[in-house]
Amino acid sequence: MTQQVEQIGRTREEMAQRLAQDIPNGSYVNLGIGIPELVARFVPEGRTLIYHTENGLLGMGPSPEEGEGDPELINAGKRHVTANPGAAFFHHADSFSMIRGGHIDLCVLGAMQVSQHGDLANWSTGAPDSIPAVGGAMDLCAGVKSVYVITQHTTKQGEPKLVERCTYPLTGVGVITRVYTDLAVIDVTPEGFKVAELSPGVDYDYVQQRTGAPLIPHNA
Amino acid sequence: MINKQVSSPAEALADVFDGAVVMVSGFGEAGSPIELIHALIDQGARELTVVSNNCGSGEVGLAALLKAGRVRKVVCSFPRTANSTVFPDLYHSGKIELELVPQGTLAERIRAGGAGIPAFYTPAAVGTPLAEGKESRDFDGKTYLMERGLKADFALIKGKAADNHGNVIYNKTARNFGPIMAMGSKTAIVQVEEVVSAGEIDPEVVVSPGIFVDRVVEVAQPAHESELVAAGVSYP
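Quick note, the sequences are listed as chains U and X, same order.
Our numbering applies: residue 10 is where the first sequence begins, and numbers increase by one.
Our numbering applies: residue 8 is where the second sequence begins, and numbers increase by one.
Do not take every clue at face value.
Sample of chain X residues at the chain U side, in silico, Cβ under 10 angstroms [unchecked claim]:
| # | residue |
| --- | --- |
| 1 | Phe-34 |
| 2 | Ala-37 |
| 3 | Arg-87 |
| 4 | Ser-100 |
| 5 | Glu-104 |
| 6 | Arg-118 |
| 7 | Ala-168 |
| 8 | Asn-171 |
| 9 | Arg-182 |
| 10 | Gly-185 |
I should point out that these hints are in silico values taken from the structure, not numbers from a laboratory.
Built from N, CA and C at the ideal position, the CB exists for glycine as well.
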């Protein structure tokens, strides 16, 4: 027996598509691993974005055809990519000078937790048996002009990811300005989380029930 | 006459000593000098400190060096991989020390070490567990952490081509840590697909100037880590 599971809110692709609408033409953009990678598929017609991948490529293009990949042309997720016309390769210290030096306009990261003050936790659960691995997320948080999060609103177990205070180890403090979830687009304001937009078919109470911090309504 | 070419990976690595600090280039498999790493396993040096972005995959390359029990400590930004249990097993059994460093801080520490800068301040990791025990200082109203430059006794690097003066060019995103590790090490050893005569690489395209490179060794057809792992290879 098959059961139709009703989709409430946006799919991963729709979340990525929604975020892509908000990136200005000509931006230099770094996309994190996971849902953030999907954003590149949905750049609106007429806009050109330059993608940076911290392992040393500016002007990253789409994945190659199956079997066409070059093991020495990869992204930060270690997947095969291509280089667009106008691309450039560089070493790691230059790459992180672009990041830390404020030259990248926008970074989109996944999250384990985001706090109402814009703190991000996305690298470790702090569990004693986990292998700590941080990569470039802390540098991205510290240096990129705007850092957005794209994530499911709750964990697979239904726990809120948007919380008053992160309980997992932090990646950055007060760095997140906007969160795109399946249920809403939410701004991080000095007063806390504020709904910028509810996903189609989702109402405020539904989102507030699944958020671990007070949510200021859109029109407040 | 200058000639930095040596005849084999074994010759290039002959003087690596027990307890040495060894930088290893690569981001995942891109730029990982597998043939040099395998030659280092054969050479036998122990109690090494390895500085590298990752800890290898499967049981080849860096993961094989770890599995052989030659490494006392890794300085690394992302030791976790989907297809290797070598590092997790060593880490959980307390047989290896991990110094976890944000990737940009790792790169800048290596660059600084090679550039004669003993320490610098960075905004990365402020307010996180990785800031614990570090000096901090405010500049222009913002807090920064002090980080030390990193130096190594040896660097094992993968390039695309070199001339006999040690000028090196790289291939695409395999460049990653190579140029800064060449700067940050006393003895930089670079494996390349082709060693050419001085003058054959256009000075305008040289990425690592020869002053940073001590030995170049030709490995005409380097293996790719993913292919070895897919074939189930375990080194040695």
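Results of checking the hints against the structure:
1. For Phe-34/X, the interface hint holds, the least distance from its beta-carbon to any beta-carbon of chain U being 4 angstroms, beneath 10 angstroms.
2. Hint on Ala-37/X holds. Least Cβ distance to chain U is approximately 5 angstroms, under the 10 angstroms limit.
3. At a threshold of 10 angstroms, the smallest CB-CB gap from Arg-87/X to chain U is about 4 angstroms, leaving the interface hint in force.
4. About 12 angstroms separates the beta-carbon of Ser-100/X from the nearest beta-carbon of chain U, more than 10 angstroms, and the hint is not met.
5. Restraint check, Glu-104/X versus chain U: the minimum CB separation of about 13 angstroms is more than 10 angstroms; hint violated.
6. Annotation: Arg-118/X was flagged as interfacial toward chain U, and the flag holds, the nearest CB pair being 4 angstroms apart, inside 10 angstroms.
7. Hint on Ala-168/X is violated. Least Cβ distance to chain U is approximately 13 angstroms, over the 10 angstroms limit.
8. Restraint check, Asn-171/X versus chain U: the minimum CB separation of about 23 angstroms is more than 10 angstroms; hint violated.
9. The beta carbon of Arg-182/X is positioned within 10 angstroms of a beta carbon in chain U (closest approach about 5 angstroms), and the interface hint is therefore held.
10. Given the 10 angstroms rule on beta carbons, the hint for Gly-185/X holds: about 7 angstroms separates it from the nearest Cβ of chain U.
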